[in-house]
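All chains, please: the whole structure from these sequences, using the hints.
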Amino acid sequence: MSRRRFFVVALLVSLLVAGVASYYASSHPDGLEYVAEQTGFIDSAEDSATSDSPLADYQTTGIDDARLSGGLAGVVGVVVMLLLSTGLFWLIRRRDGSDATHDSRA
Amino acid sequence: MHVPDGFLDAPTSLATGVVAATAVAVSLRAARRELDDRTAPMAGLVATFVFAAQMINFPVGAGTSGHLMGGALAAVLVGPWTAVLCLSVVLVVQALLMADGGITAIGTNISLIGIVTVAVGWGVFVLLRKVLPARISIVAPAAAAGALLSVPVAALVFTGLFAIGGNAPVDLAAVTAAMLGWHTVIGIGEAAVTGLVVASVVAARPDLVHGARPLLAERVLETRAAVTS
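Residue numbers (the working numbering), protein chains in the order written: chain A, 2 to 107; chain B, 839 to 1067.
In short, the hints are calculated from the structure, not lab data. A hint or two may mislead.
[Said to hold, decoys possible] Beta-carbon label-pair distances, calculated as ranges: (1) A:R4 x B:P1007: 53 to 61 Å; (2) B:V857 x A:L92: 18 to 26 Å; (3) A:L92 x B:A1006: 40 to 48 Å; (4) A:D44 x B:S975: 45 to 53 Å.
None of these values were measured; they are calculated from a predicted model. All C-beta atoms, glycine included, are put in the ideal place defined by N, C-alpha and C.
Written out as structure tokens, the structure reads:
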């Protein structure tokens, strides 16, 4: 598999997981939340300062359809993640042109 | 395991913030060794995939759920220093954009999900790579083993932080037992996802797997030795 093809497949998988599969995720509280409920410290949790963000709790404000609302939030999240993290890693990468940078299969 | 605002008091949150900031600063320098023109886009994709995978909560027993943390996965795929940065970007985006994990708890979440799981996952992986036969087929199981252990250890570290700076008076023994119990089960899910994803990447492009490189190098050397002899 060429590197370009591999990256495209990986990105598609991420988009599908965040944009489509996430709708079918379990809505039960996660391990920490559950333990906090059972042992009695869940009430010390406070609302996040970003809880009124348009994508808060992985739902898009103003879109009523749960599947679409969650899917869009996931896709936007994936795009933001890709730009931010690839940008960061591209910025701090090694630039001495040593070894791996001259991969003929790239 | 995203910690919300309010679980831990201000001094504890500040302390984990300092730990996280230091780890990110050190990783920004050290990750240069792991990142080049070829691996930088891979690292971006790994961070993006971990973000997506963390949206998938899988059910765990009675009324609770867990999702991939991804520290062991990222460490094996792109190297431990880059993995700390991957998870840090994920956690900051989640806190700022999705209100997942508190703002004052970003340091705590980077410490638990970004540092502890990477350190445990990578540590176990490297240890197993040393003692197991030097074959490429051990990479995915070794990554899974690191993932398995990383989750309960992160749960224990949270319990330790809660013992120091928890904002509610609770029975610590009960918290410890419950955190450890549930997160051992979640660790099995973490191991399954990590093993599956690493195995897939190893099958498609083993050269893009950071943790597989020493084994690949040996394989190339063996081939060359066989050809020249």
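So, going through the hints one by one against the coordinates:
{"no.": "1", "hint": "A:R4 x B:P1007: 53 to 61 Å", "verdict": "holds, 55 Å"}
{"no.": "2", "hint": "B:V857 x A:L92: 18 to 26 Å", "verdict": "holds, 24 Å"}
{"no.": "3", "hint": "A:L92 x B:A1006: 40 to 48 Å", "verdict": "holds, 42 Å"}
{"no.": "4", "hint": "A:D44 x B:S975: 45 to 53 Å", "verdict": "holds, 49 Å"}
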